[in-house]
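J.: Here the structure of chain Z is known, so what remains is to put chain L in place on it, guided by the hints.
As they're listed, the protein sequences go chains Z and L. For the first sequence, the numbering used here assigns the number 1 to the initial residue and increments by one for each residue that follows. For the second sequence, the numbering used here assigns the number 1001 to the initial residue and increments by one for each residue that follows.
Keep in mind that the hints are not guaranteed to be accurate.
[What the hints assert, rightly or not] One side only, chain L facing chain Z, incomplete, derived with CB under 8 Å:
#: 1; residue: Thr1168
#: 2; residue: Ile1186
#: 3; residue: Leu1335
#: 4; residue: Trp1338
[Unchecked claim] Pair ranges (Cβ atoms, derived):
#: 5; chain 1: Z; residue 1: Tyr230; chain 2: L; residue 2: Asn1193; range: 50 to 58 Å
#: 6; chain 1: L; residue 1: Glu1300; chain 2: Z; residue 2: Ile107; range: 29 to 37 Å
#: 7; chain 1: Z; residue 1: Ile276; chain 2: L; residue 2: Ile1259; range: 40 to 48 Å
#: 8; chain 1: L; residue 1: Leu1043; chain 2: Z; residue 2: Val207; range: 47 to 55 Å
#: 9; chain 1: Z; residue 1: Leu181; chain 2: L; residue 2: Phe1159; range: 49 to 57 Å
#: 10; chain 1: Z; residue 1: Leu275; chain 2: L; residue 2: Arg1534; range: 56 to 64 Å
#: 11; chain 1: L; residue 1: Ser1145; chain 2: Z; residue 2: Leu275; range: 42 to 50 Å
#: 12; chain 1: L; residue 1: Leu1043; chain 2: Z; residue 2: Leu104; range: 53 to 61 Å
#: 13; chain 1: L; residue 1: Ile1041; chain 2: Z; residue 2: Arg102; range: 38 to 46 Å
#: 14; chain 1: Z; residue 1: Ile107; chain 2: L; residue 2: Glu1357; range: 41 to 49 Å
To be clear, the hints were calculated from the coordinates, so they are not data collected in a lab. Glycine residues also receive a C-beta, built at the ideal position from the N, C-alpha and C atoms.
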Amino acid sequence: MGWEAVYLQQVINGLSLGAMYALLALGFTLVYGILELINFAHFNVFMVGSFVGMAALELFGLSGQTQILTGFPLVGVMTFAFIATLSVAGALGVIIERFALRPLRGIPGTVGMITTIGVSYILFNIVLLTVGAGSWNFPNPLPRISWPIGGATLELRSLLIWIIALVLMTGLHLFVNKTRLGKAMRATAQDAEAARMMGVDVDRVIVTAFFLGSALAGAAALIFGLYYNYTSFIIGYTAGLRAFTAAVLGGIGSVTGAMVGGLIIGLIEALGGQLIAVRWTDVIIFSILVLVLVFAPTGLLGRANPTKS
Amino acid sequence: MAERDTAAPRQGTIGAEVFAFLRRASPLARVAPHVRPRIGITLVFAFALLFPLIIDRNDADIDSAANALAFAALALGLNIVVGFAGLLDLGYAAFFAIGAYAYGVFASAQFMPAWSGFWEPFAWLQLVERFHQDSGGDLVHFTVSFWLMLPLSAGLAAFFGVLFGAPTLRLKGDYLAIVTLGFGEIVPIIARNWPSVTNGAMGLNGVAAPRFLGQSFGISATPYYFVGMGLIALLIFTSTRLKLSRIGRAWMAIREDEIAAAAMGVNRVKFKLLAFAIGAAFAGATGTFYVAKLQTATPEMFMFPVSVMILVMVVFGGIGSVWGVVLGAIILQILQSWFLEDLSQWLHALGRLIGVEWLQRIELASSIELIFGIILVTMMLYRRQGLIPATRRVQALSLAEQTATVELAAAPPAQRLRAIGDITFRGDEPLLDIKGLTVRFGGLVALREVGLTVPPRSVVAVIGPNGSGKSTLFNAVTGLVAPESGNVRFAGYPIERQPPHVVLGRGMARTFQNIRLFPNLTVLENVMIGMHARLHTGAVGALLRLPATQREEAAARAHCLDILALFGNRLIPRVDHVVSSLSYANRRRLEIARALASNPKLLLLDEPTAGMNPAETLELAGQIKNLNQHGLTIVLIEHKLDVVVSLADNVIVLDHGEKIAEGPPDVVRRDEEVIRAYLGRSAAIGSAAVA
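Next comes chain Z alone, as it looks inside the complex (with noise of 0.2 Å):
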């Protein structure tokens, strides 16, 4: 391969996970936008729905990369699973705001995120003590086809990856804009207090927003799967910091935002570990993640002022 062909292959391999990473950034930008609160937990529900879309897809009788699904079974197959993991990571998240984050509502300061740090935890034990510290192989029925590209190869799972997340995103889109719920949200966002007043059960829409957030880091965990072929109780550190520095990177809040900074921070580890290596992608990251709160916290398209008190 050509240097070109490199790159492009690279730019090809940062949008599949710049599209992962949109879809989990999503979720800490929905909450942080409407609560101001980082949830630390949202990095183990997207760990926990990828051992759920594994054991969807295993209900089948799928296990490694051998079996190839073509046609309806493939179709429904992967429909199962996506409606399996979006629901149950989506219940998740339900659960965490009922019983860990509800109690604390209205309480100033950082009890609230110190508490999605322990429910992180927990998650990431239980997974971790049931499962075990080995990683697991991720079922892939997807049939092998890939088309060449100027040199470098399009794999039908990255285009699958791309629609799957901009059918989620539009939707999500369509959601908070067009629907009364969505309006509800973005009201609450504003402004709970007022919103309230004028009628919207806010506690609904928080529901919703932990909801839909857990259930797009669910669709992410079953991207990271197919994409990298396997699963681990450790899955959800990485790339939870690097989606919560893409939705800081868009501007914490926006949902446009969000999904511009993944895209932005899965070519940045793409192409900067071709660039400079793969042992510095995560300084270089996490350079980012410190670079722009304190000089751009608004990030690129924000509207939250990190410095207020």
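T.: The following block gives chain L in isolation, referenced to the frame of chain Z:
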């Protein structure tokens, strides 16, 4: 008193009676209350020193105890940052890593540059040795002493704390947490990716053991245990002294309400950096101790889970409570290294006995992180103050004390006011001179070209409808909001664009419309923070507590009580109560007392009588008048026109950010423009018709 006696039998359960009997019968009952903590501390340290003998020199157990001490030291350091100053640091282990690698690199054979003449003086100082190689040139072998490295590591970590804190500390709580998390991850990654110095992921090896009186510590855990004890004693001493000083009060003020802290003269940047640096220094010294004990260091020892573990210890023991976090760290370490292991062994034995297979395979020690998570969530939901709360609840006033007749005049006002010191500006030029002040929030012009002067020893009232820019005027003058243009001179000095603590330092104090006291601090602590700018104790003074510091502290306390006495028996009986238990009117009074404690020449009062009933309003108006007669210059925002008329020499009327009228109260009162702004056009026409 009668109420209390009748209430007693209600709580007289058998347990409480037994407890009360034991308390009366115990030897401690005959000791004066202020000596009791000292006896407790002495007993704790005596036990800790005898501990290695008590457990019969079991090296593994002493080793675990030494580890527990290291984590207690880290918890104490994080407590300064999170507990005292309220800055959530999720990357605290990075400073631990810096201290650990500093000693690890300078006391091992890991990093050996080529020998040259440059190193001769260092060799003479015994910091390095010339290492002879049979082939190739000689190398430098670093042999820096552990005892020297302990303070150096603390200093190095503090330096990185300041370097990292300077740009980031203005972020609010959760963002700061994320930035520190990022920093906390970057440090171990650098350690991993820099193998020539740190040996990368393999970790340092062959770190030299400390030597004492020519003897190497070797591999026995006991000397490390005693060094750890010394470290902990020093850190507890440092924490306690700082907490109970001007420094500690400034930190807690920042934690409770950053804006109010700045407005009361606390230099936020300086004190946040100080907290960060001292917290980092604790971690740096502990890092050196820990790596000397382990004689190795790997990047994994300093990642996010370690930072979280230290946070769990602080949360569990009690955020902000010195003894609490030590207890929290020790309990969790005991749980980790003894209890869970032993419990697993018992379960295995039980499993063998009753023939249950899965009981024999349980390894509870691996579930420690699950326990950490459960502790975090449980504490946050049910006991946020931790095992040993940082602030002790004071018994509520009895019904008799609460409903006591208000006594205001134990001494004539003039005599009592003398106690609060010199609050008179003795000049003839205007004390406050504002010219062309414009403040803009995005598209909204909150103040447009406002100018006003405040003559010394006068009372100026600022009135105007809601949203007319009155509070913005105060915020712009005191430095909380940056004006777009205009000049503000105070006592001859230009103060526009000066930070709030500088404005207060010059002698301008304020209160807030929506009351910004420090809710979890006591009445006295709130007033003492008002004195912050007038006191001089620094970190070193607070640690040493020399006679000069003690005198300053005692004088400050007495002065604050004098100021509280201005309000008769309203606040004095409640000096040790936390502010969140005060009534609304008392909070208003306390905020004025806090402002007076800064010894101001000009007092800005933002709706001081808001929410008070007519009697309370009258009482406060009288007190404000007394202050003015004593020489204090006052600017007040007020909606109650009778208060304005009775107090003000001059009235300024704002509407939509512009000054529409100015003059003596009874002139302004008849001004048509003013009536229109307050009551609408038809009222103005009506009043004109009547006139």
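J.: Decide, hint by hint, whether the structure agrees.
T.: Verification of the supplied hints:
no., hint, result
1, Thr1168, "6 Å, holds"
2, Ile1186, "5 Å, holds"
3, Leu1335, "15 Å, violated"
4, Trp1338, "20 Å, violated"
5, Tyr230(Z) with Asn1193(L): 50 to 58 Å, "24 Å, violated"
6, Glu1300(L) with Ile107(Z): 29 to 37 Å, "34 Å, holds"
7, Ile276(Z) with Ile1259(L): 40 to 48 Å, "42 Å, holds"
8, Leu1043(L) with Val207(Z): 47 to 55 Å, "52 Å, holds"
9, Leu181(Z) with Phe1159(L): 49 to 57 Å, "52 Å, holds"
10, Leu275(Z) with Arg1534(L): 56 to 64 Å, "57 Å, holds"
11, Ser1145(L) with Leu275(Z): 42 to 50 Å, "44 Å, holds"
12, Leu1043(L) with Leu104(Z): 53 to 61 Å, "38 Å, violated"
13, Ile1041(L) with Arg102(Z): 38 to 46 Å, "42 Å, holds"
14, Ile107(Z) with Glu1357(L): 41 to 49 Å, "46 Å, holds"
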